[in-house]
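Listed below are the residues making up each chain.
Number of protein chains: 2
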Amino acid sequence: MDKRNEFSVIGKPLARVDANEKATGKAQYVDDLTLPNMLYGKILRSPHAHAKIRRIDTAAARKLSGVKAVITGMDLPAKLYGTDPRFADEYALCRDKVRYIGDDVAAVAAVDEETAERALDLIQVEYEPLEGLFDVYAAREPGKPEIHEGKKNNISQEIHLNAGEVEKAFKDAEYVREDTFFSQPTYHAPLEPHAVMARWDENGKLTVWGNKQIPFYIRRLLSHTLEIPESHVRLIKPYVGGGFGGKGEMFALDVCACRLSQMTGRPVKIIYTREESLVCTRRRHGMTITLKTAMKKDGTILGVQGTLLSESGAYNATGPLATYLATTFLNLPYKIPAVKMDSYLIYTNLPPAGPQRGHGVLQMRYAADCHLDVIAKELGIDPLEIRLKNAVSQGYRTANNMNVKSCGFTDCLTRAAEKINWKAKKGKLPPYHGIGISGMGYLSGCNLVPHTGAAALVHVHEDGGIKLLTGAAEIGQGSDTYLAQLVAEEMGVPLEDVQVISGDTGITPYDPGTFGSRVATMSGNAAKNAGREAMRQILEVVAEEMEAKVEDLVARDRKIFVKGAPEKSISFRKALKIYMYRDLPMPVVGQGFYQAPVHVPDWFKAEDDPSATYSFGAQIATVVVDPETGKISLKEMVNAHDVGIMINPMAVEGQLQGSIHMGTGHALTEDIIIKDGLVMNPDLLEYKIASPFEMPFVYGIAVESESDGVGPHGAKECGEGTQISTLPAIVNAIYDATGIMFKELPVTPEKVLKALKKKNEGGN
Amino acid sequence: MDKRNEFSVIGKPLARVDANEKATGKAQYVDDLTLPNMLYGKILRSPHAHAKIRRIDTAAARKLSGVKAVITGMDLPAKLYGTDPRFADEYALCRDKVRYIGDDVAAVAAVDEETAERALDLIQVEYEPLEGLFDVYAAREPGKPEIHEGKKNNISQEIHLNAGEVEKAFKDAEYVREDTFFSQPTYHAPLEPHAVMARWDENGKLTVWGNKQIPFYIRRLLSHTLEIPESHVRLIKPYVGGGFGGKGEMFALDVCACRLSQMTGRPVKIIYTREESLVCTRRRHGMTITLKTAMKKDGTILGVQGTLLSESGAYNATGPLATYLATTFLNLPYKIPAVKMDSYLIYTNLPPAGPQRGHGVLQMRYAADCHLDVIAKELGIDPLEIRLKNAVSQGYRTANNMNVKSCGFTDCLTRAAEKINWKAKKGKLPPYHGIGISGMGYLSGCNLVPHTGAAALVHVHEDGGIKLLTGAAEIGQGSDTYLAQLVAEEMGVPLEDVQVISGDTGITPYDPGTFGSRVATMSGNAAKNAGREAMRQILEVVAEEMEAKVEDLVARDRKIFVKGAPEKSISFRKALKIYMYRDLPMPVVGQGFYQAPVHVPDWFKAEDDPSATYSFGAQIATVVVDPETGKISLKEMVNAHDVGIMINPMAVEGQLQGSIHMGTGHALTEDIIIKDGLVMNPDLLEYKIASPFEMPFVYGIAVESESDGVGPHGAKECGEGTQISTLPAIVNAIYDATGIMFKELPVTPEKVLKALKKKNEGGN
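Residue numbers (this note's numbering), protein chains in the order written: chain S, 170 to 933; chain P, 170 to 933.
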């Protein structure tokens, strides 16, 4: 099924529009930007995991030569903020207490970074230490201090999903098994740390250059916390050196830079150190997931009952959403007629957690797909077979109403298995060699928050140059290229004719940004529609000129002709001259919009359809375990993903590869080591992301499923879902190699050795 | 006639939208901008007024440490450019010969300005000197060298206007008189010199930050000279420190910075010194104008016959246009039934001339209005009376087809006369005291070049914030404020709710820019229409909500209500919430456009209507001449101007005052002194613009004429025309004080003393 022949730009492995600038080092990131009279900001952080702030004395810091302003929480409006106003629990700078080591206490603006740092040393803070709660179990013990007032047992939120007849499922079960898994918090590790430059001008208008995934939401949050009208804030997103979810929120630096600029009348830049980026922004939610599954002996899933403890750290951030997503996505990609999940988001005195590629779903998939392999083994069913048997397909509706409009999941499983030669390998590998499989379903067009709809504008200039104005945020994932391809295709011009201006709330149309795998669907449709609308206006003029009907005209290769008669064409440029000389306004402006058909007013109930459509995927890993050292060598991975249609095969390949890199680190090497609330490895030397030596050989397979008409030309997300089944594939392969299911990540050599020793001693 | 009561934003003396940023010194001009790895460029200039270039050796300059690139004319595409392609005669860097002292020969990019300057010294150029032609008379002598090949007698262009029965007029004449006047070249003297920063990126896209009046034309010229598609060039106009016409063209620095950036792969900035700004950009056209007028003895003008020699300097630039404007505007503001003008644009080996506030018309008005005073005196008619007698009025069509759709000229004359108490003063002042009057008519919406139409976009954000995207270029004249007021009025919000993004070819719609007094009419209508269109979309939703008709709704003070029922309103912000929650795309986008009704395909014939409408004005000066020193004290000036309607009285007042400042300098003190082609006073110490001590007390009168429906709410230009009759008012006042008509500007004390001496000795 190759849909690509009908296209001239879509489906081609074109170089990214930002490739040259990035490859030559000329792309400008926040730290490359300067403004006259710019000051540098630094933030004072709490040395206590949990303490009341009694007094802050900034007098000495203020007196230091070169210091232009010092602020504490009391110098900011008392405005709590959060990703969702319902869960707002955070001040940009703490007012009354600190809740983790690294919490934001005060900020300084000075003529240089060194002076700002010296000023921090001069700020005296008097704390009254409180008991620190460092894990979800300690936090929810009765009688412990409330990290946020009124949150009993430090439970921030609860989600209870109850769909289908769960009791009956367990009554009917021929086999029941329960397992508990723990997925550790991980750091996003973007190459570029968090950075901001703010300029509060003399008209009270604020311009902020920030490496953000969600410019329009940041605008809203800055407006809220600084008490300035939204339209007075312009958030410009320069090049961004990676986000992965970690740049999808507002942090102290953003608010502080703005306020310090307002106070000093000078631009202020704040760049987080690697340590601040790792400790004081966000990390993935650590989740402890217990699943009990009711099965028929033939491998049919009857129902699942489970609990989930999600560790929020010191603040909510996206915790409620992550907990919800983990809970609801238990229901994909396997048919589960009855589900009961009781999920809890729990505060601790640890660095706060937030969104990361695969947000919540990844943790659940680790638990559920590894759990499934243990079941399969006990039932004597091949792991591929049990997945095929229970796989959802087009037209399926989950117990909690998720509507599968299109589905390439079975294709993903079979094509991945073919690629790796599953049948030849499974059960036939030498000792300590293993093979593991996993599946996943994910959001493609998250529909959970208000105003998820996207708008786009296409400007066509008189020489045929096209500008796409989109609020979508290119953060390195390739959205600029993807969107430009859609517009180029619509207008019959090569990619190079389309320039993208993206993620600037001052000039680009509203778009919520890069999260929830919504750009492919939402922003993609908006851009496509904008191109189509601009083209319609041009074609109307051309139709008159050519004495043809608009609907009979074809635009391709910078030419416009009547269908079937390409020899009698006029050039795109000529068409624009005709347009212009009719005294029609330049540029031609096409406005496009897309709003997913379903709204979810209260996703928190987990009983609605959270996405415009869903992507699916399957992964297979092969590993070799060294019984002497415990070292796991990840040999090969297949990453098969239902992309709907490939808009750019090279970009798809990049995502399929990159996802394996992040997943490999998560499975095998990455861990934020914390002792009494203090992060012991806050740098990229000690926090071990996967190096080239840990990387397997990756086979990427893009499965093009039958279009459901949701995404542009049927395209689906291909950047988050691609990482989701990496963990269980690897862990299941280790399970196959060793017979040991590792239920706590990462699977380090130490853990392997210890487990092997215990097994050989007759344990496990 | 106060039209202002019906408005809430229009007609109010509101502070400029850029006032705070400018007053606090925070507005960023090109020189304030920096980019990583930026280089600095400098240009090598010709020491010869006229010479062939035999050889340029750049080897030594290239070898200098810190020099990154050196270019000559041969390193640029061989593309002649000019304001109008028909008159293109200029290379960014000379290829074969130089034509004035200061002509652009080579350019260097280096790590700092000092190094770049040292590199210039190392470039060896071998010249073959040619005879220099330093005035229009020498230049058109037979047998002289051709400054541009093929231009016989160095006449670049000729314009011959012949309208009405001129021969008959002179046959019927009861009185005939001929005078010759010379108006000297003057420098624009903007506070900010010419500056550019260019960045040629790795995708071959070019971004240029330039202090330009005409971003879209510069984009076109850069595209042409650098052979790069227009849409690959983005011209961003930061704050501009004054233009006055002098930043209305492309200069060597623009092309060189771009090419040097392309070659080095690094951003390049070039800032002209004051000397370069004065000598090597443009200056006003020196014009020698002879007028012979046929009169009836009662003061009725029957016809005029004249010749005009316009000094182009080394290149055409806007010379053809200036010559045309001077020629055609002989026909306003006095009725001349028959006109014959023979006008010549002549090359010399002097710095090239270009547009300056009042472009050509000002020079003609000096000649014609002073000539008229000599006639009036000889006929024994009061100068005010002779003007009133011949004044054009609404509905008049000049001999050469200029269509006077509205006209406040008579009002200007009478109100100015009342203000200064003309009747009490004229003929009744003490010796050496004088009073002089003058009139003028000017373009309001120049319609001479292709694509003079303007487009604008209004974006309305969800909180009611409004962005106006306009290609019009704010250069200090106040267009951002003017346009924002029009949009605010249209949308019923205060001015502060409208932010303007202007003059950025990458994101703002097409607009030719700031020249020909077209912004008030063209850009004004486009902005107004864009606001109206955005509002229409919002009102449609509100109408449904309020169960009313769109046409019955009124928007005012951030509220929308049914006409006559303001108590039942909904707020603008609420209206937008309603709009957004109907899943309509954000922002609301309104597109506006305006194209003047008449096209002038070939203005060069001087027989068509060159403007959408015309502004008019009258000025009166009072002076005291010191017979001992020749010093002229300008005491008072009235500047009465037909503005149609005042959009912003404070801005109007600023223009009325500022025009007198420039006109005073032109009349009395400013002169570019040249010896053998070399400018002797290329700085603001020796080139004497009027200081506060030369300034008279200025009375500004804004005459609001009956609307002709052309400009927005009937508004007309009020920034160029306001300066046009300053010269003749002052010179006529000196004539009144001394009995001597000064026919060469400026009227310096030396000239006055010499003339008084001659008169007392029985001369004149």
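Fair warning: there could be bad hints in the mix.
One copy or two, either will do: identical chains are not told apart, so a pair holds if it fits within one copy or between any two.
Calculated pairs, EDC-like style, for lysine to aspartate or glutamate (alpha carbon to alpha carbon, straight line, at most 20 Å) [stated by the list, open to error]: (1) Lys920 / Glu930; (2) Lys636 / Asp673; (3) Lys923 / Asp877; (4) Lys804 / Asp580; (5) Lys636 / Glu399.
Hints listed in this document are in silico derivations from the structure and should not be mistaken for laboratory results.
Status of the hints after comparison with the structure:
no. : hint            : verdict
1   : Lys920 / Glu930 : within (15 Å within a copy, 116 Å between copies)
2   : Lys636 / Asp673 : both (14 Å within a copy, 13 Å between copies)
3   : Lys923 / Asp877 : neither (49 Å within a copy, 92 Å between copies)
4   : Lys804 / Asp580 : neither (23 Å within a copy, 91 Å between copies)
5   : Lys636 / Glu399 : between (25 Å within a copy, 12 Å between copies)
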